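Student: One-letter residues, chain by chain:
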Amino acid sequence: MEDEKFSAFIDDELSQSEFDEMCSRLFSGKDFSGKDKGLKQKWQRYHVISDTLQKHLPEKVDYNLADRVMSELENEPVILAPNRVLAPAQNTFQNNAPNNNVSPMPTPIFKQIAGLAVAASVMVVAILVSQSFTTQDGVNTTAPIAALPTMPSKQEFARVSKPQTILATQQAALVTQQTTALAKPQMVFPPDFQNQLNKYLANHNQYASGVSGVLPYARIIGYTPDRPQLGYAELSHSELSHSELSHSQKADK
Amino acid sequence: MKADYKFLFLLIVPVVSWASDSSLEAFEQLKRMYAAPQTLNYQGTFVYYHDGKIETMKIFHSVGIEGEKERLYHLNGSAREIVREQNLVTCILPDNKSVMVNKNQGNQNILFALPENIEALKSSYRFILGKDDRIAGRLSKTVLVRPKDNYRYGRKLWIDTDTGLLLSSALLNENNRTIELIMFTEISVVDKIPAFLLKPTVSGKEFTWHNELANDGVKDNDNGVTNWVVKNMPNGFHSTKHYLRHVSTEPTVEHIVLSDGLASVSVYVERLATQNKKFIGTSYMGAVNVYGTVVNDHQVTVVGEVPKSTVKLIASSVQYVENR
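As you go down the protein sequences, you meet chains A and B in turn.
Using the working numbering, you'd call the opening residue of the first sequence number -15 and step up by one each time.
Using the working numbering, you'd call the opening residue of the second sequence number 4 and step up by one each time.
Wrong hints could be hidden among the right ones.
Which residues of chain A face chain B? A partial, calculated answer using Cβ under 10 Å [unchecked claim]: (1) L23; (2) I33; (3) Y201; (4) A202.
Here are the in silico distance ranges between beta carbons for each label pair [claimed, not checked]: (5) A/I33 <-> B/N79: 26 to 34 Å; (6) B/S319 <-> A/E5: 26 to 34 Å; (7) A/D4 <-> B/I283: 47 to 55 Å; (8) B/K281 <-> A/I33: 28 to 36 Å; (9) B/T48 <-> A/E5: 43 to 51 Å; (10) B/T42 <-> A/S(-9): 27 to 35 Å; (11) A/E(-3) <-> B/K61: 46 to 54 Å; (12) B/G140 <-> A/S(-9): 30 to 38 Å; (13) A/E5 <-> B/N79: 32 to 40 Å.
These are computed hints drawn from the structure, not numbers from a lab.
Since we're looking at a predicted model, the values are computed, not measured.
The beta carbon of each residue, even a glycine, is placed where N, CA and C say it ideally should be.
Work the whole structure out from these sequences, hints included.
Tutor: Following this line, the structure appears as structure tokens:
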């Protein structure tokens, strides 16, 4: 019975009151029987099982995630409506109609540059807004290149990013590698370089040969602002099984 | 004792011949794949996976006396679309209220038709015919393109057994994980695509038009006079094109395109105008990696759908050479 309830909790199928109760149990560390701290581990296990079934498993599973989340929670106030850091940047761009001069946001980037540069950067905005970026060898940042002109300062970003993580932990199912990445130190490009990099990326895309003729164009129109993001940046590929690969390598010798 | 050698010989021969058959058959499939869109009218729906997101798009492709014409549009969110015809690419982005017209750059149709191209590709990749599969309800051949080193990505292609159309294509990183995927969910070959289906849904009248064709600031640098050289690039890569880009408000950018036949890498060199414009380090967007460095007061930025180590290697070998 309790197992079913827990399963429903993982699948987000509980009523609000049941959900709250389960959360408080999970956060207090007591099991259903109230005798040990197995609940956190159980929560972790269920998620690993569910991810395995859905083939969403990352290369490494962090078995201590729950504990780390708990210790973060203890040190932070609960903020029910944190500012969405990325939202203003995206909206600025969408509201970017030529007549929209009353926007309180900073000047949109494509008004700042001319000619070819405009074309290129608009194109890349289509691709880049809200993509996760990495700078300086592996330091993750959620700063999307194209949206940076309206990004908050580094300090603001650091301040907002922690509450975001906490919100995510309250919605247990949302705890993924990517949300934990939000809490890492933020690294952004030199502001002047954003436009330049956008242009380079758009320009390069025209030369991105590829076996698939349609791919460069799918890249260009591929971005939609509100599409849900999957948990992990890579899909595991069942088709490329190890046996198939080793077989092919042997054959090649 | 002699008998042992004979046995060994018998064991080796079938494996070797099977391998070359597989590779030959793989190239045959790739040729079919490039030929198919030049003769077939088709329409379909495909998904595009990148950066943990899935997009759905519709495509209409037609072949007429004026050549191929293709319209691609997004089925979700705002109706972004691209119309490709002859040498022209028109890109409509309703949420930015803008239309862009560009030159159609890539014509890869001859890639697998020329023997020398195939030989060059073989130095960097293995081409292997995989197991038959099924995509969008259709039988397909699969071709694995395996890089011979870690300087480039692998690919897996699903080619329609019946028509030769590319039904699915995956870009695979060093760990054989899919970092980008296109996959048809439904596709049909038809006699004719009605003209109205190849026209954009928006007139674009109220949109801002950006026309790269009208911009004469970009010119090919065919004589190849440049002081910038890429000293070291992974085996199989060679420099294919060199451009000088100049827009009146901006400094001139030198652009060198490198390619190994499948993967391409762009090297951009631009004089550093201000102190804070420096970009040193790595960045990425989906399958595209970026590495920046500074050489002789110039910002060097390398961009390509290749692993991080490749853009880094290329960037760190860019040099300024006097009196070339």
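Student: If you check each hint against the structure, which ones fail?
Tutor: Numbers 1, 2, 6, 8, 10 and 11 - these are the hints that the structure violates, sorted from lowest upward.
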